[in-house]
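First to last, the sequence lines map onto chains A and B.
So the first sequence is numbered by UniProt numbering: it starts at 1 and just counts up by one.
So the second sequence is numbered by UniProt numbering: it starts at 1 and just counts up by one.
Simulated from the structure, these hints should not be mistaken for laboratory data.
Bear in mind that the values here come from a model prediction, so they are computed numbers and not experimental data.
Careful, some of the hints might be misleading.
To be verified - Incomplete in silico selection of chain B near chain A, CB under 7 angstroms: (1) 32; (2) 38; (3) 45; (4) 48; (5) 160; (6) 166; (7) 268.
What the hints assert, rightly or not - Reference excerpt, derived from the structure (chain B facing chain A, CB under 7 angstroms, subset only): (8) 31; (9) 44; (10) 70; (11) 73; (12) 75; (13) 76; (14) 79; (15) 119; (16) 138; (17) 191; (18) 290; (19) 298.
Said to hold, decoys possible - Some residues of chain B that are not near chain A, with every Cβ distance over 10 angstroms (derived): (20) 53; (21) 87; (22) 96; (23) 108; (24) 134; (25) 136; (26) 149; (27) 229; (28) 232; (29) 257; (30) 310.
Just so it is clear, CB atoms sit at the ideal spot from N, CA and C, and this is done for glycine as well.
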Amino acid sequence: MTTTAPDVNNQSAPKPVKARRGGGVIGNTGLYLATGIAALLFLVPFYLLIRNSLSTDSEITGENWKFFPTDIQWGNITEPFDDTTVDFAQSMWNSLVVGVLHTVGILLICSLAGYGLARIPYRHANKVFYAVLFTLMVPAAVTFVPSFVLVSSLGWVDSYRGLIIPGLFSGFTCFLFRQYFLGFPKELEEAARVDGLGYWGAYWRVVVPNSLNFFAAIATITFINGWNAFLWPLVIGQDPSAWTVQVALSSYMTNQTVNYHLIFMATAISILPLLFVFLFLQRWLVQGIAQTGIKG
Amino acid sequence: MSTTTTRDLARPAKAKAPKAGPRRRLRGSRTFNFWLFTGPFLAGLLVFVYIPIGWSIYLSFFEARFTVTPSEFVGFAHYREMLQNDDFMGSLVTFTLFAAIIVPTTWALSLGLALLVNRLRFMRAFFRSVFFLPTACSYVAASLIWKMSIFNGVRFGLANTVLGWFGVENIAWLANPDPPWYWLVIVTARLWLQSGFYMILFLAALQNIPKELYEAAAIDGAKQGWQTFRHITLPQLRATSTAVILLLLVAAYQAFDEFFNLLARTTWGRPPLVELYYIALGQEQDYGRGSAGAVILTLLICVVTLFQGKIMGFGRGEESK
């Protein structure tokens with residue numbers, strides 16, 4: 001874990017100052033003890049997830065607490081996929097399609113708009129920007145009723161279109177791109193202009209290739225948000241075949257029969273893709289949050 | 001539009017050999033390029049953000065049940081009804097209570113974690129990852145772990161097991177609103193999910209505090225610990241703290257997932273969005289009243305955001321002095 005996430009913070013943390021500050025062995029022990037306890041508490045839910053998903057139901061619900069399953073039930077891994085009440089495989093697939101298309105679409109549409117707003121000196125650009133800023137005041141979640149009304153009259157309920165397209169026009173992401181492009185070195189674009197490229201050519205051949213870090217950061221955050229979204233998929237997914245994995249998990253909780261090990265295994269499987277994204281792309285993620293969270 | 005754009009991209013050679021012509025003039029035109037870049041986004045914004053808001057305002061004045069086409073004009077009746085509706089007003093109280101608890105606790109916990117991690121010299125990346133890891137989980141997954149395992153009301157839930165070791169009776173965490181233990185479940189779930197994210201913001205801000213400030217304070221005889229924290233760290237984190245509090249407020253306002261999942265089939269602890277969900281998409285499918293509720297909420301959050309913007313701008317102005 002530590003090796004996959006090169007620490008960006010370390011570079012700017014001057015160690016000599018820290019060393020001089022002392023605190024000694026006792027202070028350090030206290031520091032590590034406190035951090036360690038906090039870390040253990042943060043890991044408890046993950047521990048429960050793994051323990052429950054690899055146990056039998058009788059062990060989970062047993063009289064005495066078992067810290068680990070006596071026999072690890074590897075067979076549980078396939079159970080969510082064989083379950084007939086909820087089509088778990090279909091919901092995972094839906095989430096993957098929605099997550100990927102959502103991310104690609106947002107990156108394309110919002111980055112272009114952000115660049116236009118930041119860099120093309122058009123007379124009414126300010127007015128347009130205010131129209132975008134206004135939408136920031138109204139969180140998308142609050143308008144789910146009217147959005148559902150619109151999408152259902154388009155006949156997009158229970159479809160990928162309905163799940164993906166309404167979420168692509170994120171004023172916030174557009175705003176983040178605009179802020180980023182405002183700080184992009186002008187000289188690079190001017191050089192491209194001298195070479196005879198128009199705005200469009202300069203954007204794709206100079207600006208985008210030099211902004212991949214920022215794009216990666218936004219992509220990571222967007223994918224995580226898309227995968228974890230619940231309210232909109234719940235509203236749109238009226239038919240189980242259009243459920244994303246979050247809606248499927250939610251339905252397990254209200255089912256008549258509770259099959260503990262299956263439910264926890266399904267949850268673990270639903271988190272797994274994100275943990276991969278997370279561990280391998282953590283660098284982008286942390287950079288992205290540090291850059292965008294403060295500016296936004 | 002897409003055909004012209006791809007053609008432009010597919011013929012980069014032309015760009016190298018500029019020719020005076022209508023195409024070249026178009027390519028250099030600021031107006032054309034502005035709409036070329038922002039057009040798709042703005043069209044989508046119009047259709048999927050502005051039109052729904054407008055439609056919703058329109059619907060809120062009409063009777064519209066089981067259908068999204070309005071039938072009978074009712075004026076402000078829906079608004080009056082919603083503002084007198086105990087459930088809807090109760091949901092605003094629930095939100096206020098929720099925000100009053102979750103905002104300060106998340107602020108304190110994420111700042112505390114950032115301070116701890118910032119002082120670590122070994123295994124810093126490891127601990128940072130551990131605190132940040134829950135950000136990868138969804139509210140649904142967390143609700144499931146909380147409801148089915150940690151705060152399961154029966155004997156084998158983790159919380160009841162641990163309490164049992166000390167001889168405490170089982171507690172029905174979610175199934176009984178009196179005493180309101182469900183708040184503990186909801187607040188801890190959200191704390192676990194979002195603290196790591198805000199910790200990253202605080203960490204970045206902590207790294208930006210000039211080290212000279214601490215050195216100067218040390219020369220002036222300031223004691224390590226509380227004094228430097230109170231007089232240097234906290235004031236230097238002001239901008240980030242304000243931003244974090246505002247982000248937390250907006251997030252709390254939109255709370256839905258964990259309330260919906262943890263408190264399914266209960267009548268207590270419903271924040272505004274859950275209430276709206278049941279009005280518009282529940283048994284009644286009352287889009288007229290649902291739209292009125294959405295408009296009220298939208299206005300409320302507009303006021304709150306404008307107010308926030310004022311505070312935020314104010315805070316920034318002071319910082320830049």
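Taking the hints in turn, this is what the structure says about them:
1. 32: Constraint on residue 32 of chain B not satisfied, violated at 9 angstroms.
2. 38: holds (4 angstroms)
3. 45: With a closest approach of 5 angstroms, the residue 45 of chain B hint holds.
4. 48: Where the cut-off is 7 angstroms and the nearest Cβ of chain A is about 5 angstroms from residue 48 of chain B, the hint holds.
5. 160: violated (10 angstroms)
6. 166: violated (14 angstroms)
7. 268: This interface hint is violated because 17 angstroms lies over the 7 angstroms limit.
8. 31: Residue 31 of chain B check passes; min Cβ-Cβ to chain A is 6 angstroms, inside 7 angstroms.
9. 44: Result: holds, 4 angstroms to nearest chain A Cβ.
10. 70: Violated - the Cβ of residue 70 of chain B stays beyond 7 angstroms from chain A, reaching only about 10 angstroms at its closest.
11. 73: violated (17 angstroms)
12. 75: Given a least distance of 19 angstroms, the restraint on residue 75 of chain B is violated.
13. 76: violated (18 angstroms)
14. 79: Not OK, violated: residue 79 of chain B not within 7 angstroms of chain A, min 15 angstroms.
15. 119: holds (6 angstroms)
16. 138: holds (4 angstroms)
17. 191: violated (10 angstroms)
18. 290: Constraint on residue 290 of chain B satisfied, holds at 5 angstroms.
19. 298: holds (5 angstroms)
20. 53: Its Cβ does come within 10 angstroms of chain A, the nearest being 6 angstroms, so this is violated.
21. 87: The claim stands: residue 87 of chain B keeps its Cβ more than 10 angstroms from every Cβ of chain A (closest is about 16 angstroms).
22. 96: holds (16 angstroms)
23. 108: holds (13 angstroms)
24. 134: violated (7 angstroms)
25. 136: violated (4 angstroms)
26. 149: violated (5 angstroms)
27. 229: holds (13 angstroms)
28. 232: holds (13 angstroms)
29. 257: violated (4 angstroms)
30. 310: Check passes; 13 angstroms lies beyond 10 angstroms.
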